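Chains as they are written, first to last, in my numbering: chain A, 1 to 110; chain B, 1 to 300.
If you are wondering where the hints come from, they were derived from the structure by calculation, not from laboratory data.
From a predicted model like this one, the values you see are computed outputs, not experimental measurements.
It is possible that some hints are incorrect.
What the hints assert, rightly or not - Using 16 Å as the maximum straight-line C-alpha spacing, the simulated EDC-like pairs for lysine to aspartate or glutamate come out as follows:
no., chain 1, residue 1, chain 2, residue 2
1, B, K62, B, D35
2, B, K171, A, D22
3, A, K10, B, E120
4, A, K80, A, D22
5, A, K33, A, D11
6, B, K33, B, D17
Said to hold, decoys possible - Quick list of simulated restraints, FRET-style, between CB atoms:
no., chain 1, residue 1, chain 2, residue 2, range
7, B, R260, A, I94, 46 to 52 Å
8, A, G9, B, R99, 37 to 43 Å
9, A, R84, B, E14, 39 to 45 Å
10, B, E209, A, F21, 31 to 37 Å
11, B, G134, A, V47, 37 to 43 Å
12, A, D51, B, D88, 54 to 60 Å
13, A, D52, B, K171, 49 to 55 Å
14, B, F29, A, D11, 55 to 61 Å
15, A, K10, B, E209, 43 to 49 Å
16, B, T9, A, F21, 38 to 44 Å
17, A, K10, B, E130, 31 to 37 Å
18, A, A76, B, R64, 53 to 59 Å
19, B, D259, A, Q78, 54 to 60 Å
Heads up, the beta-carbon is just placed ideally off N, CA and C, and yes, glycines get one too.
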Amino acid sequence: MSLRTINVGKDFHRAPAGRSFDDGPYSGEAFRKRVLIPALEGPDVVVVELDDTEGYGSSFLEEAFGGLVREGRFTADQLKMKLRVTSSEDPSLIEEIWTYIREARPKRVN
Amino acid sequence: MMPDTLSLTHNREETLDVFRAIRRATRKFRALKLDFTTLHRVTPAAALVLAAELDRWRRIHKIRPVVFDADRWDPNVSRLLFDMGLFDLVEAQNLPVIRRDLEPVERFIRYRTGRGALGEEAVALREAVESCIGEGLPSRRAMYRGVTEAMTNVHKHAYIGPFVDATPIIKDAWWIGGGFAPDQHRLRVLVYDQGIGIPATLPRRYALERVTDVLRGRGWHDNDAGRIAAAMELGRTRTGNPNQGRGLPDLQLFVNAADRATLRILSRRGEYIYVEGAQPQLVEHSRPLGGTLIQWEINL
């Protein structure tokens, strides 16, 4: 099993904030679409390191990670196989992210 | 003419009168001339809202409000308002000499303004706070979380309708700032917006039934204060984990991360006061604030 590691602070931005693109330049949606999804679509297990940032708001985390399921790109079970989340600075974020993934419901397509 | 004290806690009515006068001048494009010579006390919260009102005037009318006789101001007030950044907003006749030798009871942190969730602005505020208190802020990540969530909430929800008295708005704008009282080791961090208020946005975010259920279940009145509390309650995760906020509940985490801290939210007529482990206090005032003010008070 090969791993691909993403460090949010170094590979995205040290001050992530906001939910969607129009909230700001380093939003959860931006992280999901520009960094996370391309990595998850590859063959490796993706390890997201949450350290090296100023912190995270729930809007950013829910959009970045819950959005993976809500937007229909992955199921929660798929993410259990493909995604790892680590944080030494604030380990409570790990369970928070998995809660968002578990609770997300795919949007209905009309 | 300013009252002796600008404070939303100790002199709310006269403080709101000042804001109302500025807004009236903004709406009617009347000359705005301010006399601060009678002002002797001002809190960080009142100063931030004052700065936001003057900023709004300046940005809408493209001219600066005029202040008279700045050299006759109480020197403590001059120092506080200078530190807050107010002098950049106004055109002052006879700029006062800022008394650096005075050690004010409270040091104000320069306000910042912007639109959207700007993490770098939250970082700059945190750095200004740490410069003011002279040390690193232990709960810095919780502060970052609270401030950026407040910014996001402003962008998503605050400006979906006209201001309370139809004063022109700077859409999506927020103002952040704070103050530190060294003798009491008391830090205040503030976020203010000129939106329609949390009680007005609540019905647009949650079904009426859910709002009513929460209000009844918790025994809260269906007024502005009750609706702020309901908004905090409805924002929680299904797990009910107090360490997992969603949007508005993120504001509580900065309080929970500190030993002795209080969250205060003023929006329209409502006031919501949260301390970890206690039931929130709710106060319904007779007059609306205009916008929403969030204040964290941390005893370091």
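Consistency of the hints with the structure:
Proximity of B/K62 to B/D35 is assessed by CA-CA distance (about 21 Å); at most 16 Å being required, the pair is judged violated. The straight-line distance between the Cα atoms of B/K171 and A/D22 is roughly 14 Å, inside the 16 Å bound, and the hint therefore holds. Of the supplied pair hints, the one linking A/K10 and B/E120 holds, its CA atoms being roughly 15 Å apart against a limit of 16 Å. About 30 Å separates the Cα atoms of A/K80 and A/D22, which puts this hinted pair outside 16 Å; it is violated.
This hinted pair checks out: A/K33 and A/D11 have alpha carbons roughly 13 Å apart, not beyond 16 Å. Straight-line distance between C-alpha atoms of B/K33 and B/D17 comes to about 15 Å, which keeps the hinted pair within the 16 Å bound. In this structure the hint that B/R260 and A/I94 lie 46 to 52 Å apart at CB is violated, the actual value being about 28 Å. The supplied range of 37 to 43 Å is met by A/G9 and B/R99, whose beta-carbon atoms lie about 42 Å from each other.
For the pair A/R84 and B/E14, the beta carbons lie near 57 Å from each other, so the given range of 39 to 45 Å is not met. At about 32 Å, the beta-carbon gap between B/E209 and A/F21 stays in the expected band of 31 to 37 Å. Judged by the Cβ atoms, the range 37 to 43 Å given for B/G134 and A/V47 holds: they are separated by roughly 38 Å. The given range of 54 to 60 Å is broken by A/D51 and B/D88, whose C-beta atoms sit roughly 37 Å from each other.
Checked against the hint of 49 to 55 Å, the pair A/D52 and B/K171 fails, with Cβ atoms roughly 34 Å apart. At roughly 50 Å, the beta carbons of B/F29 and A/D11 sit outside the given window of 55 to 61 Å. For A/K10 and B/E209, the Cβ-Cβ distance of about 46 Å falls inside the hinted range of 43 to 49 Å, so the restraint holds. At roughly 39 Å, the beta-carbon separation of B/T9 and A/F21 lies within the given 38 to 44 Å, and the hint holds.
For A/K10 paired with B/E130, a C-beta distance near 23 Å fails the hint of 31 to 37 Å. Look at A/A76 against B/R64: about 55 Å separates their beta carbons, and that is inside 53 to 59 Å. For the hinted restraint 54 to 60 Å between B/D259 and A/Q78, the CB-CB distance of approximately 42 Å leaves it violated.
Consistency note: the structure conflicts with the earlier hints numbered 1, 4, 7, 9, 12, 13, 14, 17, 19.
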